[in-house]
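Order-wise, the sequence lines are chains A and B. Residues in the first sequence are numbered from 1 upward in steps of one, following our numbering. Residues in the second sequence are numbered from 1001 upward in steps of one, following our numbering.
Hints are computed from structural coordinates only; laboratory data are not their basis. For glycine and all other residues, C-beta sits at the position ideal for the given N, C-alpha and C. A few of these clues could be false.
If the Cβ cut is set under 8 Å, some of the chain A residues that face chain B in the computed set are [claimed, not checked]:
1. P29
2. L34
3. V266
4. L267
Over the 12 Å line for every Cβ pair with chain B, so calculated as not near, a few chain A residues [stated by the list, open to error]:
5. T61
6. G71
7. S72
8. N104
9. D105
10. Q110
11. P156
12. D178
13. E184
14. S249
Here are the chains, one letter per residue:
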Amino acid sequence: MKQTLKFAALALALSLPLAAQAHKAWLQPSQTVLAGNNPWVTVDAAVSNDLFYFNHVPLKTDNLVITAPDGSQVAAQNSATGKYRSVFDVELKQTGTYRIGVVNDYVVGQWDEDGKPKRWRGTAAEFATGVPKDAKNLQVSQSISRVETFVTNGSPNNTALKPSGKGLELVPVTHPNDLFAGDEAKFRMQIDGKPAPGIDVEIVRGNTRYRNAQDEIKVKTDAKGEFTVTWPEAGMYWLEATSEDKKTSVPQARQRRVGYVATLEVLPQ
Amino acid sequence: MRVQLTIALSGLLALPAHSAEINLNLQIPQLNVAEYHRPYVAIWVEGPDQKAAANLAVWYSQKATNEGAGTKWLPDLRQWWRRSGRTLKVPVDGVTGPTRPVGKHALQFTDSNPELAALPAGDYTLVVEAAREVGGRELLKIPFKWRGASNGSAQGSSELGLVTLASKP
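Let the sequences and hints guide you as you build the complete structure.
Written out as structure tokens, the structure is:
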């Protein structure tokens, strides 16, 4: 019984990097539309069921990448991790759109050693040294997850929004900092740079504590990988999409999970 | 020949007197609040596609600060920021200016305004948006004819009072 429980806990822990079923991972910027001389945003990063409340675990920001409007990368400042959330600041020295994202690209191996379950997590390049060649009952899975948000200083631009071509990504047709209640927005989902049709996308507005239902919006991408959403009201929205395929970069891995999360601010008219 | 020339010349000379204009009366209401700041105000002309066709006035705090001379709060003029402000490099001569006090403000815009000069005659909407620190935001719209005669008005209920418009060809 105890062993079963331990396995269940392990299975849960394994699924956490993607946080697909269990909890929602998110970044929440203090604001998304800014102006003035050198404005700053401060961003909260957490994993929780409730949006956008810190009540479970902080989101690790080790793999944080901030892309500036000219496409260069800038560093976060004043980073800290507390019990329930991580926090960091971004100085917006350039005008245009910044992409702020945490990208986790991992391989997870599980095997038996001396009758005990062993687990290893690392990058695809480290796999050969991290997992013994003769590992018994080896099970390997790969995952790429992306948790991101967008902020714009002054006039929006698209340089930082260019997809990397790795994993599941959102390609804006409507600019992510140009979203208004009652308006329709259009986005495209891509996997490894190619349009991803038939992907389920879930969208939930924040402030879930103050209502009785999730009020989630569920959409599916069309043949071109595109979907539209009409924002019912202003607020901070959480958007998630996940998928699985066999395009692994480690031969031992049977499947690859790809996940995408964006936090989008919708303004009132 | 000479007569014709005189007529032609008089036609030219008469033109400025008939320049198209928009006369606007805009009221900033007195508010009974503990902390009052003058509102930021943007006045612009939009076409049927809701795109900004001409910026007429933008009033914001001109005081120099580290955050930028009041420009940090320009996005609070939400619609104006979206339609025009975010792509505009402020200050703009003859358009941007300091915030104005409570009271009635008579404003005249003629086709000597570079943006209006380039605007083709037709039906447009004048938009007035006001946003106040620790206060609210209000937006009013008045349809009018540019290079045509029209009258219109809109009554604000919070950040703006009565706004009246009269345009002449």
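Could you check the structure against the hints above and give me the numbers of any it violates, in ascending order? 1, 3, 11, 12
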